[in-house]
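First to last, the protein sequences are chains D and B. Counting from 1, one number per residue, gives the positions in the first sequence under the numbering used here. Counting from 1001, one number per residue, gives the positions in the second sequence under the numbering used here.
None of these hints come from the bench; they were simulated from the model. None of the values given here were measured: they were computed from a predicted structure. Beta carbons: idealized from backbone N, C-alpha and C, even for Gly. Treat the hints with care, as some may be off.
[Unchecked claim] List time: in silico DSSO-like cross-link candidates among lysine-lysine, alpha-carbon distance up to 27 Å:
| hint | chain 1 | residue 1 | chain 2 | residue 2 |
| --- | --- | --- | --- | --- |
| 1 | D | 223 | D | 247 |
| 2 | D | 223 | B | 1124 |
| 3 | D | 411 | B | 1054 |
| 4 | D | 452 | D | 423 |
| 5 | D | 339 | D | 349 |
| 6 | B | 1066 | B | 1134 |
| 7 | D | 213 | D | 527 |
| 8 | D | 423 | B | 1054 |
| 9 | D | 411 | B | 1124 |
| 10 | D | 339 | D | 364 |
| 11 | D | 240 | D | 223 |
| 12 | D | 542 | D | 247 |
| 13 | D | 213 | D | 542 |
| 14 | D | 148 | D | 339 |
| 15 | D | 423 | B | 1124 |
[As the list claims (entries may be wrong)] Chain D is nowhere near these chain B residues, computed Cβ spacing over 10 Å in every case:
| hint | residue |
| --- | --- |
| 16 | 1006 |
| 17 | 1009 |
| 18 | 1010 |
| 19 | 1019 |
| 20 | 1033 |
| 21 | 1052 |
| 22 | 1053 |
| 23 | 1064 |
| 24 | 1118 |
| 25 | 1122 |
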Amino acid sequence: MKIQYLAVVFIIIMLPISLVFSEYISAQVETVSLQISFDTKLDNATYDAIKAFQINTINNATSDLADSKIRDIEAAANAFYKSIGTSFNMVGYDTESLSNYVPALVFTLYDGFYIHSQFENTLDDETMDNIKPGSTYDGTEGQILGLKPYISYSCRYQSGNIDVTITYSLDNYITVQGIDASGNGINIAGYLISNISNSTENSIRYRDVTIEKEPALTQQLYKNDVRYIYTKINGQRYYKEQGKDDKWFYISNNRVETIEEEFSETENDMAYRYYKEALEFRDALETAGITSLTPDDAVDENGDPLTDAVITNADGEVIYSFMEGPNSNQPIFDYGTSKNNAIELPDSKFNEHRLAVIRYTIEKNLSVALANYNNGTYDFRMPKLSEEDWATIMNNVSLISFLQGISIGGKIYNGYSVINNNKNEEVVTENSIYIIDDPTDSSGHYHRITHKGLNSYLSSYPNAIGMFNIEFERRSIETSANERRYYYPYRQLGCYDCYVLQTGNDTINTDSNIYEYVDSCGNRLAKLYYTALGRERYSMYKIYRTTDFIQQFYNNSP
Amino acid sequence: MGDSLITIIAIVLAAVLMFIFPLMSMSDRTDDISQLTVQTATTEFVDNVRTTGKLTMSDYSAFEQKVYSTGNSFDIEMQLDSLDENPAKKTAQASQTKIGENVYYTIYTSQILGAISSGDLLLKEGDMFSTSVKNTNTTLGQQLKNFFYTVAGNDTYTIAAEHGGYVTANGNN
């Protein structure tokens, strides 16, 4: 055979093969790039939803109340769908059809979480007939898109007489409900804090720092050069009017509402109350026998031991087991004996158990929700979340979004995104307290606690205070029917060393924690920090407080 | 006779192999690079609008120039969903500036171009802005592909990019 024949035969065979190969490879490349672009879109949409949540909650004075919060969350979910719809529009998906591929949006909050997804509406005609007009119940038959009931980070424990449900939160706040060791009903809530002593009328000691009642705080609204005395009680800020009739007022729905009651104009005792009530809460827990509970006392809703309550990482290794771990028969609420094994430290037995409960609750409910989410097109499954993502979820309020079942060429897309919301009124974390050098000087600065040499820097600022980070966010107020003013409650600027560039910070060792770091900063800084942490945590809205709670702060009785 | 036919076929095949194939893969790569340029430019343009809350003619021209510099002609579509601040458009409860709860009204490319030709277009927090870019000419890569296997239709494009999202800043301050 001539060489030409061979060449022709060779080419005729090789040409189709190489064509097919190049097509196949380009399809694979396309799949990978589509997957990356879908990941980006999902991240963007999740971020937009968090941004909407932040803007809405900061400008909503009642955002921490349950039904107001539901509105904020639904608005954030709408923002998610709107945003993801916009970015997918050109690819041919719209908001409506995309919601079929989103089995769940999980809004993790302070002491529980909401799942926003399509679900089967089981509201029947009989119930529908009895509902008053104007009710928010939806009579649509079949699948509807909305929020499912709130799920708390809670766990039930049985031991001897004790049968309680303990609800955990993103910090060291717990709620205990049920029957205590002596067979009585119990319903208490409070912060778990060790090393509190010497409670007196005006001061209390915490970690060798004396926490006193602070002078009243002042904050700016939209008027320049006017500082209002204010106090934040149960999530609501009350301001003292300057001039006019000097009444106290609060801002609700961006409008000013005047009240008759008066609060203290000289002191703010929120921090003092925080530590004092924590000390009382410790006594209450010990009296009720709750401090003897261990992780293996945990039971499910039927009273059976939680044998399957095991937390594993992505490689299948057991990280925490309720029944068999090394700590499973050690008391959860171990207050410790020294500053180094205090209950509020991140590595305490309580915190390990708390994180395990939070993670177990989310994993269990979410995998059920995802598996039951079926629109007949795709078998929805919960993906394994990475350890870093879990750390994000358990540290702060966040949004987990899932997007599954869209065909991207060679594969079916299955992705999720976790975005942290570090500016919210839901939770005061240890990292959200900043130190203002001079609160009355609007050209002053605020600093992170880890700012190098902050203690000596502050020596020339006698009025320094600690402040919650959302107080530096812009808010809005309606001054008249058609006028909206924006303002910053504290107009200080972020320090360039520790906040903006973040080059002038001390790093906290991995085997240490922020409490030990603060202890090493000297007494004054520690006092500022612990006072602010206590004040802001105590000022937050708490569901268990009754309407009488605010009365103890009244200076007059109207 | 038979020999020369085979020789001719061999020469044709050799020509295809030595010229058309490299050309095809080269033009494919060119399209890939154009795609990357266009995607980057679109993302940059949209993110700039989103984070500044402002759409100016100079930004738009710079963006246009960047995508045209790939040597292709493009169809640029912009869409602005503006948050309707008139209270109670949808429900009696809706707060007027609440993001995610309200009605949006939408303006498209020609209206946006009209607005920015006479001054900056100011956007506000909660608006949504998106842009899509598609090539309208037939690139060399497409021509060569069509030569071998026709995938052409009315709407085929090889270079396309889109980006969009919420505006996070008020344009007028």
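A quick look at each hint next to the structure:
1. D:223 <-> D:247: Satisfied, since the Cα-Cα distance of roughly 17 Å is no more than 27 Å.
2. D:223 <-> B:1124: holds, 23 Å
3. D:411 <-> B:1054: violated, 39 Å
4. D:452 <-> D:423: holds, 24 Å
5. D:339 <-> D:349: holds, 14 Å
6. B:1066 <-> B:1134: Measuring from Cα to Cα gives roughly 14 Å; hence the hint holds.
7. D:213 <-> D:527: holds, 11 Å
8. D:423 <-> B:1054: holds, 25 Å
9. D:411 <-> B:1124: violated, 39 Å
10. D:339 <-> D:364: Violated - the C-alpha atoms of residue 364 (chain D) and residue 339 (chain D) are around 35 Å apart, more than 27 Å.
11. D:240 <-> D:223: OK: residue 240 (chain D) and residue 223 (chain D) at ~14 Å, within 27 Å.
12. D:542 <-> D:247: holds, 26 Å
13. D:213 <-> D:542: This hinted pair holds, its Cα atoms lying about 21 Å apart.
14. D:148 <-> D:339: violated, 42 Å
15. D:423 <-> B:1124: holds, 20 Å
16. 1006: violated, 5 Å
17. 1009: violated, 6 Å
18. 1010: Violated, because the least Cβ-Cβ distance between residue 1010 (chain B) and chain D comes to about 5 Å, which does not exceed 10 Å.
19. 1019: Correct as stated: the minimum Cβ-Cβ distance to chain D is 14 Å, above 10 Å.
20. 1033: holds, 14 Å
21. 1052: holds, 15 Å
22. 1053: holds, 13 Å
23. 1064: holds, 18 Å
24. 1118: holds, 26 Å
25. 1122: holds, 15 Å
When the structure is compared with the earlier hints, violations turn up for hints 3, 9, 10, 14, 16, 17 and 18 and for no others.
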